[in-house]
Amino acid sequence: MSKLISEKTKEVFLGPLSKNNPITVQVLGICSALAVTSKLEPALVMGISVTIIVAFSNVIISLLRNTIPNRIRIIVQLVVVAALVTVVSEILKAYAYDVSVQLSVYIGLIITNCILMGRLEAFAMGNKPWESFVDGLGNGFGYAWILVAVAFVRELLGSGSLLGFKVIPQSVYDAGYMNNGLMMMPPMALIIVACIIWIHRARNKDLQEK
Amino acid sequence: MNTNSNGYTVIYATVMVIIVALMLALVSSALKDTQTANVELDKKKQILASLNIDLEGKDAATIYDEYIVEEMVVNYEAEILDTTKFCAFKIDFLKELAKSDAEKKLPIYVAKVDGKTKYIMSMKGTGLWGPIWGYVALNDDKNSIFGSYFSHASETPGLGAEIAYKPFQRTLIDKKILGTDLTFKSISVLKPDNKPNSEYEIDGISGGTITSKAVEKMIFNCLGQYKAFYDIKVEGGAK
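Protein sequences, first through last, are from chains A and B. Be aware that the first sequence starts at 2, since it is given in our numbering, and climbs by one per residue. Be aware that the second sequence starts at 81, since it is given in our numbering, and climbs by one per residue.
Don't read these hints as lab results, they were simulated from the structure. Incorrect hints may have been included.
[As the list claims (entries may be wrong)] Taking CB as the label site, the calculated pair distances span:
(1) A308(B) to V106(A): 35 to 41 Å
(2) G259(B) to S162(A): 35 to 41 Å
(3) D254(B) to I53(A): 43 to 49 Å
(4) C196(A) to S180(B): 53 to 59 Å
(5) P276(B) to K20(A): 49 to 55 Å
(6) C196(A) to F166(B): 32 to 38 Å
(7) K123(B) to I75(A): 51 to 57 Å
(8) V173(A) to N132(B): 51 to 57 Å
(9) V106(A) to K192(B): 35 to 41 Å
(10) V168(A) to S278(B): 56 to 62 Å
(11) V107(B) to D207(A): 41 to 47 Å
(12) M179(A) to K138(B): 33 to 39 Å
[Said to hold, decoys possible] Cut-off 27 Å, straight-line C-alpha distance, at most; resulting in silico cross-link-like pairs (DSS-like, lysine-lysine):
(13) K170(B) to K94(A)
(14) K167(A) to K246(B)
(15) K170(B) to K167(A)
(16) K179(B) to K196(B)
(17) K167(A) to K275(B)
Where is the CB? At the ideal position from N, CA and C, for every residue including glycine.
Generate the whole structure from the sequences, applying the supplied hints.
Here you go:
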């Protein structure tokens with residue numbers, strides 16, 4: 002049991018949540034952070050899907066790591082990710098049709114998420130399956146919480162709702178308040194991500210360049 | 081073993097591709113029936129959504145059989161070709177739109193809501209990023225709109241994608257598609273801030289102008305297919 006929660010494993014899991022966050026520190030997966038964060042719900046489902054896929058593709062690549070020919074390793078990684086994404090999307094279509102309709106193209110686009118290739122190449126190729134699984138979970142959650150944070154701000158200020166429910170009362174609108182249309186535009190996601198990075202770096206002095 | 085030799089690399093790639101292909105084929109064929117059933121159930125839900133029926137927690141298939149009393153396939157001249165069960169349901173409307181007018185087979189779903197007849201027409205069109213589709217239910221005067229349903233494959237969330245939600249779809253209710261001389265006129269989707277002030281205009285989605293205009297074009301194109309059908313007036317019609 003000691004192996005399951007060793008110091009290294011803990012670091013592997015907690016690192017990506019803050020100090021080594023895939024979005025705010027490594028600036029990976031930015032494209033999907035722009036695309037799915039105008040509403041909270043798709044951002045949540047996207048975060049969960051990426052977490053599942055990055056965790057399991059990490060395990061598969063880690064199991065195969067000693068057999069993969071070096072020259073085609075990126076292709077092997079890509080095939081594993083693409084196969085997993087396709088299976089997930091097929092299963093969603095069969096058993097959670099509504100969710101799959103809602104996510105439409107984004108599920109397929111997980112294949113192109115840089116975090117997946119990044120973790121496979123940087124971690125799973127050189128570590129044991131269990132650590133790779135934990136690393137996948139850590140990075141998935143690290144990605145998901147930034148997405149949820151951005152989507153929270155964008156949906157609240159852009160649509161006045163959260164998860165589709167109106168949270169800003171009508172009386173505030175009557176007093177002259179308006180939804181901010183700019184919040185719904187992709188550039189605003191970049192600006193919010195930049196603000197998160199700013200706060201994050203201000204609080205973690207060791208992340209700042211000298 | 082030398083994992084860097086050419087032979088190993090080629091064999092590795094071949095075996096991997098075959099395994100993955102087999103796995104995907106297996107998953108796909110194992111889930112196919114469930115998926116087809118889902119797609120059909122979803123189509124029924126969409127048709128019912130145009131009748132403003134709340135399906136929350138209900139079985140769509142039963143409700144469909146309850147409300148949709150008849151299905152018709154008509155040609156461009158509005159002559160009835162078929163009225164057997166599921167005859168309209170099976171038609172691929174997109175393929176029919178591409179045919180010449182004389183060859184078109186157009187589906188109409190006839191529903192009874194609170195004893196009144198409603199006609200549901202199919203919609204297919206092209207949005208900003210991909211296909212958009214929907215259903216529009218007409219009242220028994222074949223002129224005023226009873227309800228509508230729109231959906232899309234990949235419109236921008238928060239902008240064009242708003243066509244899939246009730247607030248937009250409700251704006252079509254009670255609008256008219258025939259002009260005062262009872263010829264086909266369709267609905268205009270206005271740019272936001274141009275307040276719709278006639279029964280032929282609805283408000284577009286701010287930030288989703290291209291999708292809004294695509295909906296306008298789709299309504300014009302698809303409802304236009306049934307021009308001859310609107311001329312046939314039943315019980316107390318104007319013509």
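Original post:
Which of the stated hints cannot be reconciled with the structure, identified by number in ascending sequence?
Top reply: Violated hints: 6, 7, 8, 10, 15, 16; rest satisfied.
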